[in-house]
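First to last, the protein sequences are chains A and B.
Heads up: the first sequence runs through residues 355 to 424, numbered per our numbering.
Heads up: the second sequence runs through residues 578 to 747, numbered per our numbering.
No lab work stands behind these hints: they were computed from the structure.
All figures in this text were calculated on a predicted structure; none of them were measured in a lab.
It cannot be assumed that every hint is accurate.
Computed list of lysine to any residue pairs in SDA-like fashion (alpha-carbon distance at most 25 Å, straight line) [what the hints assert, rightly or not]:
#1 A:K381 with B:G744
#2 A:K381 with B:V678
#3 A:K381 with B:W688
#4 A:K381 with B:I731
#5 A:K414 with A:A395
#6 A:K381 with B:R742
#7 A:K397 with B:V703
#8 A:K381 with B:E687
#9 A:K397 with B:L649
#10 A:K381 with A:P356
#11 A:K381 with A:M355
#12 A:K381 with B:L685
#13 A:K397 with B:R743
Chain A stretches covered by chain B per the calculated footprint, using a threshold of three residues with CB under 8 Å from any CB of chain B [said to hold, decoys possible]:
#14 365-377
#15 394-408
Every beta carbon over 10 Å from chain B, so not counted as near; a handful from chain A, in silico [said to hold, decoys possible]:
#16 F412
#17 G421
#18 W422
Even for Gly, the Cβ is constructed at its ideal location relative to N, Cα and C.
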Amino acid sequence: MPERRLTNNIRTLRFLAEEMTQAELGKRVGVTRQTIAAVEAGKYSPTLECAFRIAEVFGKPLDEVFGWES
Amino acid sequence: MLDMMSKIIDIMSNEFYFPITILFGVTSMLPRERFAWVWVTALVVVFGTYFTVVGIQQSQATPSFVARMGTLAIALGSLGIIAGVTHLIIRLGNARHEAAVPDERDHLIEWRAASVAYYVLMAGMVLVGCVMPFGNSTWNMVHMALLTIAIAEIAHHGMIVLGYRRGWHA
């Protein structure tokens, strides 16, 4: 099976949301700023619930925020 | 100026892991990671010193029960003081910290670290309980049990640090 990894557009979406800070996003999602930073950097794959919450903050469907690429 | 200094220290602590900057919170590290760093360092220093002293004591003559218990009490007392002071400093410095409540990533890191530490502890306890009783002195068994606990704790908090530094791909 080819190795695939989770990608995300959180940095871009934060920029488009008037440069929303990681801390603010974290607060709205219910996680710490460090967790948002880890997700953005691809160091941590969030739970499905957290991923949906992040997408909800930006008002985007899940697949516009996260990708599954090889 | 303070912001720039904080950034420089942050980069330095990311690269060189300065325990002092970690303890006093001049980094973006979570309180839990900060405590893990201090605790790993304390365990290595205190138990490293303890086992060196015990080795020297045993090489000279058989130490008395009081001497052994005294050395052990100093080691465990030091750890207790370090843990208490570290918790206090971190708690005071992060009274209104956003990360006061652990989130899903913290729980995952803790769970994985505890799993690794469990197997380390089990292996050590099998050695102490099933192998060492045949031909070892009581104090050797006590020391081996202590060493096992120390290694398991180092593995536990070492894995926590690794989890925060390197990240986990769940």
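Tested hints:
no.: 1; hint: A:K381 with B:G744; verdict: 21 Å, holds
no.: 2; hint: A:K381 with B:V678; verdict: 12 Å, holds
no.: 3; hint: A:K381 with B:W688; verdict: 23 Å, holds
no.: 4; hint: A:K381 with B:I731; verdict: 32 Å, violated
no.: 5; hint: A:K414 with A:A395; verdict: 20 Å, holds
no.: 6; hint: A:K381 with B:R742; verdict: 22 Å, holds
no.: 7; hint: A:K397 with B:V703; verdict: 36 Å, violated
no.: 8; hint: A:K381 with B:E687; verdict: 21 Å, holds
no.: 9; hint: A:K397 with B:L649; verdict: 41 Å, violated
no.: 10; hint: A:K381 with A:P356; verdict: 35 Å, violated
no.: 11; hint: A:K381 with A:M355; verdict: 37 Å, violated
no.: 12; hint: A:K381 with B:L685; verdict: 19 Å, holds
no.: 13; hint: A:K397 with B:R743; verdict: 7 Å, holds
no.: 14; hint: 365-377; verdict: violated (count 1)
no.: 15; hint: 394-408; verdict: holds (count 8)
no.: 16; hint: F412; verdict: 19 Å, holds
no.: 17; hint: G421; verdict: 15 Å, holds
no.: 18; hint: W422; verdict: 13 Å, holds
In summary, the numbered hints that this structure violates are 4, 7, 9, 10, 11 and 14.
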